[in-house]
Amino acid sequence: MNTVAKADPAQSAGPAHPLAHRRPLGDRTFQVLALVAGLLVLVILILIAVSTAQQSTSWFTTAGASGIFSIDWDPANNHFGAMSFVFGTVITSVIAIVIAVPVSVAIALLLTEVVPRRWSQPIVYVIDLLAVVPSVVWGLWGILVLVPWLQNSIYAHIGNVLNGVPVLGNLFGPPISGAAFCTAGVILAIMITPIITSLSREVIATVPAIDKEGAYALGATRWEMIRGAVWPHSQGGVLGAVLIGLGRAMGETIAAALVIGSSATITSHLLAPGYSIPAVIANQFGEASGVFRSALIGMGLFLFAITIIVNLVARGIVERSARRMRGA
Amino acid sequence: MAVTANPGPGQPTVDLREPAGWRRTKNQVATILMWAAFAITLVPLVLVLYTVIQKGASAISWQFLTGGPIPPNVLPLGVGGMGPAVIGTLEITGFAALMAIPLGVLGGVYLNEYGATSWLAKLLAFLSDVMTGVPSIVMGLFIFTIWILHFGYSGVAGAFALACLMLPIVIRSTFEMLRLVPDSLRQGSYALGATKARVTVTVVLPAAIGGIVSGSLLAVARAAGETAPLLFTILTVEATNTNIFSGANTALSTQIFVNATSPYVGAESRAWGSALTLIAIAFILMIIARVVTARFTRYTR
Chain V
1 MNTVAKADPA
11 QSAGPAHPLA
21 HRRPLGDRTF
31 QVLALVAGLL
41 VLVILILIAV
51 STAQQSTSWF
61 TTAGASGIFS
71 IDWDPANNHF
81 GAMSFVFGTV
91 ITSVIAIVIA
101 VPVSVAIALL
111 LTEVVPRRWS
121 QPIVYVIDLL
131 AVVPSVVWGL
141 WGILVLVPWL
151 QNSIYAHIGN
161 VLNGVPVLGN
171 LFGPPISGAA
181 FCTAGVILAI
191 MITPIITSLS
201 REVIATVPAI
211 DKEGAYALGA
221 TRWEMIRGAV
231 WPHSQGGVLG
241 AVLIGLGRAM
251 GETIAAALVI
261 GSSATITSHL
271 LAPGYSIPAV
281 IANQFGEASG
291 VFRSALIGMG
301 LFLFAITIIV
311 NLVARGIVER
321 SARRMRGA
Chain Z
1001 MAVTANPGPG
1011 QPTVDLREPA
1021 GWRRTKNQVA
1031 TILMWAAFAI
1041 TLVPLVLVLY
1051 TVIQKGASAI
1061 SWQFLTGGPI
1071 PPNVLPLGVG
1081 GMGPAVIGTL
1091 EITGFAALMA
1101 IPLGVLGGVY
1111 LNEYGATSWL
1121 AKLLAFLSDV
1131 MTGVPSIVMG
1141 LFIFTIWILH
1151 FGYSGVAGAF
1161 ALACLMLPIV
1171 IRSTFEMLRL
1181 VPDSLRQGSY
1191 ALGATKARVT
1201 VTVVLPAAIG
1211 GIVSGSLLAV
1221 ARAAGETAPL
1231 LFTILTVEAT
1241 NTNIFSGANT
1251 ALSTQIFVNA
1261 TSPYVGAESR
1271 AWGSALTLIA
1281 IAFILMIIAR
1291 VVTARFTRYT
1301 R
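Residue numbers (my numbering), protein chains in the order written: chain V, 1 to 328; chain Z, 1001 to 1301.
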């Protein structure tokens, strides 16, 4: 052994102890490459914030705080108030959450607690198909099929019945349009159902079997077991999943742009056309320049900040509840 | 309830096997509601697939998929074809995958093999989770501000935007898969005198390759359908542009968006045909991913 080691020039040049030699160059290069790739995430996130902030300064300086938060959106006269888009974004994502959360959590419970394991996988595949259908295809189907149908068969009847009824009339009465806040909310709900379902399912799957068996041993029905053993364990994680779904709904662009109706208004009428931040960026960026473009980029920055905050909070909640579960 | 109040002496009349009355009903209602929720989500899925296949199938032909240039929207279906958009989608998505997959795998390697429990690795793992939630339109604006304003519209700019969307997904799935590789494999290789890079490349990554490939394919499938990041990075053109490094380009997704709001029958048919093509591409990628998962996954949760 000794003679072989001495015959190797690389070895003899190294330090006296054979195991203490310096790590080869390729090994160190690989480590640096991996670190750089990992840091890329941080770099991109910082660059997004810096570059969009830089490009939107002319909006902030010319419009001022009052101009930015006004409802006056009139590019032809250089009025760039973003409030109606913020309103539309909030309204459509709240509608989406209200529809999607009960459905998603119910499917997650179905998958984890009701159907046998070999059945749950095909159901997961089917739900995942919803996520594979591209956003623009949902939008295309939304504007050419869903919008006319909702307008003629659903919204018209609701509007007729509720016209003049105190509160409901203000929410669902005329003016009526097929492309509306509510339609956008429905499409967004369909699109965020897969992510809320899969995240909730992961959380619910970590509920300790011993808790569930304990509930059954006390004579609980399956529903009582879910309420008593599964729900207390997983409500934090499910809340996180809902927030992540909310973030997705707020940032969803193309489908919303096609079915929301493209009208910058603030109204209580959910069946009337509206607008949202990503939709206005997608529709108007092409013809924008100067302060107009700067305003659209500024709204993009706002969207970025909001979704980052929502996701930070959500991931924090999920992680904390997962840690508590492991500790339990 | 009345039965439990007065059980016969020494003779329990309560049936312990089945919960009785309203408790049982409530349980059944809950079960039915859970199945109903699944049925409700099936409705839009079936409807959208049915409509796209029905309207798209009549539009699709060899001429439609490969012919060009893309005609103005007033012209009927028989003229030209969507060939430029098909090529644009393939080259832009392909180039994005070429950038995002190697970088994402390396990033995942850092998170699990090098960073491990350090604060930096934890932070980056957390941030890559957060980055998956960044809206795709923001990625488009980002590439517009740092690339288009300086270098002009090109296919590669669209590829950058798609790569930004794919990167965190690839990092996460690589990270998850590497975590499942048992430490005994690493220790065995170290014991043979291999360096860390060699262990990672020749032992750890091959052991996790099934999950990494399927995760990457799902990221590519997602990116292929994206529209928002392409709208103002590649613009739209009518003729095939095979040079992604210069000049505006086009893609199926942006063509659907442009044609969806057009009042002409020809444009509408082209939109449905493009939608079917796009869904077919995404589904094929997804099916390959499932097959890879089933065939090559060695370690699962």
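There may be inaccurate statements among the hints.
[Said to hold, decoys possible] Residues from chain Z that keep clear of chain V, each with C-beta distances beyond 10 Å, as calculated:
1. Ala-1059
2. Ser-1061
3. Leu-1065
4. Val-1074
5. Gly-1078
6. Phe-1144
7. Phe-1245
8. Phe-1257
9. Thr-1297
[Claimed, not checked] Ranges of calculated distance between the beta carbons of each label pair, as one might list FRET restraints:
10. Z:Val-1074 / V:Leu-42: 13 to 23 Å
11. Z:Leu-1047 / V:Ser-120: 23 to 33 Å
12. V:Asn-77 / Z:Tyr-1264: 27 to 37 Å
13. V:Pro-24 / Z:Thr-1066: 44 to 54 Å
14. V:Ser-268 / Z:Ile-1040: 23 to 33 Å
For the record, the hints were derived by calculation from the structure and aren't laboratory data.
Just so you know, these numbers come straight off a predicted model, no measurement behind them.
Note that CB positions come from ideal geometry on N, CA and C, so glycine has one too.
Verification of the supplied hints:
1. Ala-1059: Check passes; 13 Å lies beyond 10 Å.
2. Ser-1061: At roughly 20 Å from the nearest Cβ of chain V, Ser-1061 of chain Z sits farther out than 10 Å, so the non-interface label holds.
3. Leu-1065: Holds: least Cβ distance 17 Å, greater than 10 Å.
4. Val-1074: Val-1074 of chain Z clear of chain V: closest Cβ-Cβ about 18 Å, beyond 10 Å.
5. Gly-1078: Gly-1078 of chain Z clear of chain V: closest Cβ-Cβ about 21 Å, beyond 10 Å.
6. Phe-1144: Violated, because the least Cβ-Cβ distance between Phe-1144 of chain Z and chain V comes to about 8 Å, which does not exceed 10 Å.
7. Phe-1245: holds (21 Å)
8. Phe-1257: Answer for Phe-1257 of chain Z: violated, closest chain V Cβ roughly 5 Å.
9. Thr-1297: holds (13 Å)
10. Z:Val-1074 / V:Leu-42: 13 to 23 Å: violated (49 Å)
11. Z:Leu-1047 / V:Ser-120: 23 to 33 Å: Check passed, 24 Å falls within 23 to 33 Å.
12. V:Asn-77 / Z:Tyr-1264: 27 to 37 Å: holds (33 Å)
13. V:Pro-24 / Z:Thr-1066: 44 to 54 Å: For Thr-1066 of chain Z against Pro-24 of chain V, whose Cβ atoms are near 50 Å apart, the range 44 to 54 Å holds.
14. V:Ser-268 / Z:Ile-1040: 23 to 33 Å: Given range 23 to 33 Å: holds, Cβ gap about 27 Å.
Checked against the numbered hints above, the structure breaks hints 6, 8 and 10 and satisfies the rest.
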